[in-house]
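Colleague: Letter by letter, the chains look like this.
There are 2 protein chains.
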Amino acid sequence: MAYLNENYLKLKAGYLFPEIARRVNAFSDANPDRAASLIKCGIGDVTEALPDAVREAIHKAVDEMGDRSSFRGYGPEQGYEFLREAIAQNDYKSQGIEIGAHEIFVSDGSKCDSANFLDVLGSKNRIAVMDPVYPVYVDTNVMVGHTGSANDAGRFEGLVYLPCTADNGFVPELPKEAVDIIYLCYPNNPTGTVATREQLEAWVAYAREHKAIILYDAAYVAFVQDDSVPKSIFEIEGAHECAVEFRSFSKNGGFTGTRCAFTVVPEKLMAYDETGDAKPLHGLWSRRQSTKFNGVSYPIQRGAEAIYSDAGQAQVSALIEHYMGNAKLLAGGARAAGLTVYGGEHAPYIWVKNPEGVTSWDAFDKVLNDANVVITPGAGFGSMGEGYFRISAFNSRANAEEVARRLQDIKW
Amino acid sequence: MAYLNENYLKLKAGYLFPEIARRVNAFSDANPDRAASLIKCGIGDVTEALPDAVREAIHKAVDEMGDRSSFRGYGPEQGYEFLREAIAQNDYKSQGIEIGAHEIFVSDGSKCDSANFLDVLGSKNRIAVMDPVYPVYVDTNVMVGHTGSANDAGRFEGLVYLPCTADNGFVPELPKEAVDIIYLCYPNNPTGTVATREQLEAWVAYAREHKAIILYDAAYVAFVQDDSVPKSIFEIEGAHECAVEFRSFSKNGGFTGTRCAFTVVPEKLMAYDETGDAKPLHGLWSRRQSTKFNGVSYPIQRGAEAIYSDAGQAQVSALIEHYMGNAKLLAGGARAAGLTVYGGEHAPYIWVKNPEGVTSWDAFDKVLNDANVVITPGAGFGSMGEGYFRISAFNSRANAEEVARRLQDIKW
Numbered sequence: 012m013a014y015l016n017e018n019y020l021k022l023k024a025g026y027l028f029p030e031i032a033r034r035v036n037a038f039s040d041a042n043p044d045r046a047a048s049l050i051k052c053g054i055g056d057v058t059e060a061l062p063d064a065v066r067e068a069i070h071k072a073v074d075e076m077g078d079r080s081s082f083r084g085y086g087p088e089q090g091y092e093f094l095r096e097a098i099a100q101n102d103y104k105s106q107g108i109e110i111g112a113h114e115i116f117v118s119d120g121s122k123c124d125s126a127n128f129l130d131v132l133g134s135k136n137r138i139a140v141m142d143p144v145y146p147v148y149v150d151t152n153v154m155v156g157h158t159g160s161a162n163d164a165g166r167f168e169g170l171v172y173l174p175c176t177a178d179n180g181f182v183p184e185l186p187k188e189a190v191d192i193i194y195l196c197y198p199n200n201p202t203g204t205v206a207t208r209e210q211l212e213a214w215v216a217y218a219r220e221h222k223a224i225i226l227y228d229a230a231y232v233a234f235v236q237d238d239s240v241p242k243s244i245f246e247i248e249g250a251h252e253c254a255v256e257f258r259s260f261s262k263n264g265g266f267t268g269t270r271c272a273f274t275v276v277p278e279k280l281m282a283y284d285e286t287g288d289a290k291p292l293h294g295l296w297s298r299r300q301s302t303k304f305n306g307v308s309y310p311i312q313r314g315a316e317a318i319y320s321d322a323g324q325a326q327v328s329a330l331i332e333h334y335m336g337n338a339k340l341l342a343g344g345a346r347a348a349g350l351t352v353y354g355g356e357h358a359p360y361i362w363v364k365n366p367e368g369v370t371s372w373d374a375f376d377k378v379l380n381d382a383n384v385v386i387t388p389g390a391g392f393g394s395m396g397e398g399y400f401r402i403s404a405f406n407s408r409a410n411a412e413e414v415a416r417r418l419q420d421i422k423w
Numbered sequence: 012m013a014y015l016n017e018n019y020l021k022l023k024a025g026y027l028f029p030e031i032a033r034r035v036n037a038f039s040d041a042n043p044d045r046a047a048s049l050i051k052c053g054i055g056d057v058t059e060a061l062p063d064a065v066r067e068a069i070h071k072a073v074d075e076m077g078d079r080s081s082f083r084g085y086g087p088e089q090g091y092e093f094l095r096e097a098i099a100q101n102d103y104k105s106q107g108i109e110i111g112a113h114e115i116f117v118s119d120g121s122k123c124d125s126a127n128f129l130d131v132l133g134s135k136n137r138i139a140v141m142d143p144v145y146p147v148y149v150d151t152n153v154m155v156g157h158t159g160s161a162n163d164a165g166r167f168e169g170l171v172y173l174p175c176t177a178d179n180g181f182v183p184e185l186p187k188e189a190v191d192i193i194y195l196c197y198p199n200n201p202t203g204t205v206a207t208r209e210q211l212e213a214w215v216a217y218a219r220e221h222k223a224i225i226l227y228d229a230a231y232v233a234f235v236q237d238d239s240v241p242k243s244i245f246e247i248e249g250a251h252e253c254a255v256e257f258r259s260f261s262k263n264g265g266f267t268g269t270r271c272a273f274t275v276v277p278e279k280l281m282a283y284d285e286t287g288d289a290k291p292l293h294g295l296w297s298r299r300q301s302t303k304f305n306g307v308s309y310p311i312q313r314g315a316e317a318i319y320s321d322a323g324q325a326q327v328s329a330l331i332e333h334y335m336g337n338a339k340l341l342a343g344g345a346r347a348a349g350l351t352v353y354g355g356e357h358a359p360y361i362w363v364k365n366p367e368g369v370t371s372w373d374a375f376d377k378v379l380n381d382a383n384v385v386i387t388p389g390a391g392f393g394s395m396g397e398g399y400f401r402i403s404a405f406n407s408r409a410n411a412e413e414v415a416r417r418l419q420d421i422k423w
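Residue numbers (our numbering), protein chains in the order written: chain W, 12 to 423; chain D, 12 to 423.
Just chain W, same shape as in the assembly (with noise of 0.2 Å):
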């Protein structure tokens, strides 16, 4: 008889989004002459064209593939050493950052990273994520039995949540009980918020001292604006003991659809087995993705490449600049009305502050009712984001302004 993983019986249904949805098709309909000027800032999704440099890019790749002698059959299933040597060069090099191209390895999305990798850790660690975080981490905990049943609150029993308040900063504080390894996220999604480079140094140490991993999730950090705030954990001493970091061309590059990403595994990461006995992860990595993946499409990996190129490079930096025009007109909208707002200085996501006892869920109505515009509400993201709605920034900027006067006009 084959068996399930009982543990999908677990999770909850995807609850976010498909409520969002329910409830902006009921508005809709109840209300059809305001069909069309619906906005969406919910989702994280890019909305801008795919620059010119990196089209041009796979195009040329494509044609390549058209000429049996410029043909390329399976690839490295870690990447092409002209991507994983860019990605090295550009992204850790040059800001002082030892990383070499062997440490990078090329994936189809962040997402599927900070989930597989998962595949190489034992089954028997501590797993530690903040509140409110990203659903990912703590759906592909649950898949693998890593965690019991969830409570009424949606918190998983044997999940360790780091609460993250305006109080911390939206930075978790050290754990009190051991913990394994550690999941965070900056700039971070929801919050919009970053952490600081002491902040980074005391999760560092924790994690030496407790011989635990820090999983790094920097899919943001091309919303950084300036060198005040780390741009890769790997700035911090120590770090390549025990730090991997998952970054992605999906918000900067726009790749969304077009689906590229990399993650780092410094050679000197460790692990334990049973008897205490550390081992490299690098190695375990490499045969995971050499036995489980095929590598990136040639032709979107050519494509990646051309980011950092000079032309890559202007172009992206177009699209951030854009983006974060977007986040200063949407807080200011948000300020205007009267809430209080964090994030947005160094990423696309705003994290607002409902007035005194608004729920998240009365704020997603009051922003879709007053002002026609579809929001996520806090609460979404874990127990600790009741109180809170996200906007996003990745819009048109005609959009942008449009939802910043709107927010400016609720009356709450």
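Just so you know, the hints here were simulated from the structure itself, not pulled from any lab data. Remember, predicted model here, so these are calculated numbers, not experimental data. Do not take every clue at face value.
Identical copies carry no separate label here, and so any pair may be met within one copy or between two of them.
Stated by the list, open to error - Calculated pairs, BS3-like style, for lysine-lysine (alpha carbon to alpha carbon, straight line, at most 27 Å):
hint, residue 1, residue 2
1, K21, K222
2, K23, K51
3, K135, K104
4, K364, K21
5, K135, K23
6, K279, K21
We have chain W already, so just place chain D on it with the hints.
Modeller: Only chain D this time, still in chain W's reference frame:
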């Protein structure tokens, strides 16, 4: 303390292809004058150009991405409807097989899917694999802890190995012990042989009787030459309740470096919880893909769709004819040398029986030394592959003709 997944430590080092590379390098160093005329018929990677129709479709989609009005961000994790519909219509409905678009899950590779499908299955299943076997089926089960250690012959404790020999036409007998998950691959890699409708009927009957699941790898289906050979497990009555099918554009459209594949999970397919209650796997796989995958690159999905256009179909047929022409030449060459040849009629692989007493690696060395040709020793695919070697038909016609001549001249 962060624990690693100790199951990875049970894996054999990727012995086969590194050992081939070592011997080829040693030979080339010792015979520098012959390096230029060395021909590789080892790895199963396509060699001919990506079809025009596919490249045109990718170019067009990349151009769409350059305009914000036609730009596409995140797509559906299960694949775009246009591609799922094209697959369901052309590969199934038009063949009289009832498979709907919603049962098709588009992915970046069959290797990935066959590995990832274990995610939704429980940990207590008894797993059966063919011997010789595509090593990924074995290694991915080792990785998730479904096996003990390997013995000296490389067989892992806890797996049920199903011998595939000339006596059974390389289609395994039904197992004497009950198994829950069965990997079948036809047209077969490495033997190049096919299963008859009657043989698949027996396997489906077995699976239904034991409430087992067949993981059916049909990556090489495009090479089937006539309707006497089943193309899909779903041609067999009852298979919708007990089988998953993996297919790929790698070997028909030449997508090994372009990456697109799909998996068919029928709505009727059931697995069981520990109380014996049947639950459909379709929703679990869909949830798995939504959570751990972000869909295939949009331009690449458009390229895959183009395979089903009239032009695409004609171009793929020409590719198949090319490789199958090679297979015929290569089989002829081996036969002319007095060897017994299997496969190669509905698959791009020739499975050659060594003369009595010649081991797989002896044959490898002899073909390398006498013919300056690289083949794959059968023992690399499992203990029942000992005494055979595999020749891949993925090559230029000129190379295939030359290899056929050289094989013919070997004195065994």
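Colleague: Now look at each hint and say whether the structure bears it out.
Modeller: Hints, one by one, checked against the model:
1. Only between protomers do K21 and K222 lie at most 27 Å apart by alpha-carbon distance; the minimum there is 24 Å, versus 30 Å within a single protomer.
2. Taking identical chains as interchangeable, the C-alpha atoms of K23 and K51 lie at most 27 Å apart only when both belong to the same chain, with a minimum of 25 Å there against 51 Å between chains.
3. In the homo-oligomer, the alpha carbons of K135 and K104 never lie at most 27 Å apart, since the shortest distance is 35 Å inside one protomer and 47 Å across protomers.
4. For the homomeric pair K364 and K21, neither the shortest alpha-carbon distance inside one copy (31 Å) nor that between copies (51 Å) is at most 27 Å.
5. Taking the closest pair of Cα atoms, K135 and K23 come within 27 Å of each other both inside a single copy (23 Å) and across two copies (24 Å).
6. Only between protomers do K279 and K21 lie at most 27 Å apart by alpha-carbon distance; the minimum there is 22 Å, versus 36 Å within a single protomer.
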